[in-house]
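Chemist: Sequence:
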Amino acid sequence: MSTILRTLRNLRRIGLKDYGHQLQNIGDTKAGTLIGKDRYGNKFYENMEEELPLRTRWVDYKDAEYDPSQIEPGWHAWMSYMVDTPPSADPIARTGVREWEPKDHKPTLTWSRSAYRPYNTVKNKYTPWVPVAKPRQ
Numbered sequence: 218m219s220t221i222l223r224t225l226r227n228l229r230r231i232g233l234k235d236y237g238h239q240l241q242n243i244g245d246t247k248a249g250t251l252i253g254k255d256r257y258g259n260k261f262y263e264n265m266e267e268e269l270p271l272r273t274r275w276v277d278y279k280d281a282e283y284d285p286s287q288i289e290p291g292w293h294a295w296m297s298y299m300v301d302t303p304p305s306a307d308p309i310a311r312t313g314v315r316e317w318e319p320k321d322h323k324p325t326l327t328w329s330r331s332a333y334r335p336y337n338t339v340k341n342k343y344t345p346w347v348p349v350a351k352p353r354q
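Letter 59 of the sequence shown, counting from 1, is numbered 276 in the working numbering, and no numbers are missing.
Treat the hints as calculated values from the structure; they're not laboratory data.
Don't take each hint at face value.
[Said to hold, decoys possible] Cut-off 27 Å, straight-line C-alpha distance, at most; resulting in silico cross-link-like pairs (DSS-like, lysine-lysine): (1) Lys279 with Lys323; (2) Lys254 with Lys320; (3) Lys260 with Lys323; (4) Lys254 with Lys234; (5) Lys279 with Lys234; (6) Lys323 with Lys254; (7) Lys260 with Lys279; (8) Lys320 with Lys260; (9) Lys279 with Lys254.
Work the whole structure out from these sequences, hints included.
Modeler: Right under this line is the structure:
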């Protein structure tokens with residue numbers, strides 16, 4: 218959560234439209250420099266002067282219903298402070314450089330109908346109780 222002065226300063230910097238967008242999606246207002254954009258339309262920002270440590274980098278997702286698996290691996294490494302240079306400035310971290318890279322990014326399918334479920338061959342440890350009731354007379 219930010220202070221009132223910081224919120225008003227960010228409102229003046231980013232404008233009313235982006236201010237409302239950030240409050241709706243992030244829940245906080247942030248002003249920073251645009252570092253890059255990935256091929257899915259996500260925008261990556263950084264502000265080293267005013268933000269708290271480990272909160273200096275953030276992403277503005279293209280979709281309103283976002284999932285962190287929508288970030289490419291190079292940008293994920295930059296977002297989690299594993300590398301200092303973003304993939305837009307690093308020729309090695311760019312996508313499509315290596316031939317073994319997958320062509321399309323597949324998001325995590327956990328908790329969806331397409332999630333991986335192995336076939337189970339183990340018997341259940343318990344059996345459900347089935348009451349035996351006599352019919353009424």
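Chemist: Against each hint, give a clear statement of whether it holds in the structure.
Modeler: Evaluated hints:
no., hint, result
1, Lys279 with Lys323, "holds (16 Å)"
2, Lys254 with Lys320, "holds (18 Å)"
3, Lys260 with Lys323, "holds (19 Å)"
4, Lys254 with Lys234, "holds (20 Å)"
5, Lys279 with Lys234, "holds (15 Å)"
6, Lys323 with Lys254, "holds (18 Å)"
7, Lys260 with Lys279, "holds (8 Å)"
8, Lys320 with Lys260, "holds (21 Å)"
9, Lys279 with Lys254, "holds (10 Å)"
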